[in-house]
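K.L.:
Please take these sequences and the hints and turn them into a complete structure.
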Amino acid sequence: GDVSLESAGHAMVTIDHSRRIDVFNPAAEEMFACSARDVVGRPFDELFVKDDGKYRGDILDPGLLVYDIGQPRELEAARRDGTNMFVELIVRPVDDIPSDHPLEKRKNVRTTYVCTLVDVTKRKQAELAEYTARIKAQSANRAKSTFLANMSHELRTPLNAVLGFSQLALSEKPVQLNDRQKEYIGSILSSGQHLLSLINDVLDLSKIESDRFELH
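Numbering (my numbering), first residue to last: 65 to 280.
Note that these hints are calculated values from the structure, not bench results.
Don't take each hint at face value.
Quick list of in silico lysine-lysine cross-link-like pairs, DSSO-like style, CA-CA up to 27 Å [said to hold, decoys possible]:
{"hint": "1", "residue 1": "K186", "residue 2": "K114"}
{"hint": "2", "residue 1": "K114", "residue 2": "K188"}
{"hint": "3", "residue 1": "K200", "residue 2": "K188"}
P.N.:
Laid out in structure tokens, this is it:
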């Protein structure tokens with residue numbers, strides 16, 4: 065009944081068969097920053113933001129209610145103070161059965177919709193902040209992988225020259241290099257090969273992170 069709706073802790077709104085607001089309880093007044101007299105008799109749709117496809121105008125379509133009956137739905141609502149909020153809306157139809165009294169003119173069953181609204185703005189803001197942070201982290205990770213891949217390619221070019229000339233020097237006739245020179249060039253070659261192995265590992269890592277690595 066209206067008394068329980070008025071005293072309910074949650075924002076509750078009832079809508080008549082023409083989708084106009086019938087009861088707008090005190091919790092709803094506080095949520096929407098307006099008084100009941102400002103909205104009673106007005107279309108329920110006016111409570112919600114409609115641009116950019118944010119509002120689904122099929123909330124009360126009978127066909128949809130068959131599937132969505134009692135299921136929460138998130139919508140962006142507009143307060144009278146000009147600010148917007150996200151609300152979780154649950155709509156439940158209640159059939160109003162006319163009296164069988166002979167003086168009762170209404171004979172058809174009319175449906176009243178009882179709507180419960182919960183402000184979920186803080187939760188949505190937290191979700192948005194988490195999503196934004198995740199996107200930034202993914203972007204930074206992609207940038208890091210790209211940087212590593214590019215730097216690895218740049219490093220391999222001069223390193224290949226070091227390895228090539230080291231191998232060439234060691235392949236010269238023995239009389240042209242003494243033992244100490246051979247040892248030095250051998251050290252350059254082995255260090256270069258170790259460095260090339262590390263660079264290839266970095267390249268593999270960057271490929272794995274960018275989903276371009278093929279496992280054989």
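K.L.:
Evaluate each hint against the coordinates.
P.N.:
Okay, the hints, checked on the actual structure:
1. Distance hint between K186 and K114 is fulfilled; the C-alpha atoms sit about 21 Å from each other, no more than 27 Å.
2. Between K114 and K188 the alpha-carbon distance is near 18 Å, which keeps this suggested pair within the 27 Å criterion.
3. For the given pair, K200 sits about 18 Å from K188 by alpha-carbon distance, which is consistent with the 27 Å threshold.
Comparing the model with each numbered hint stated earlier shows that all of them hold.
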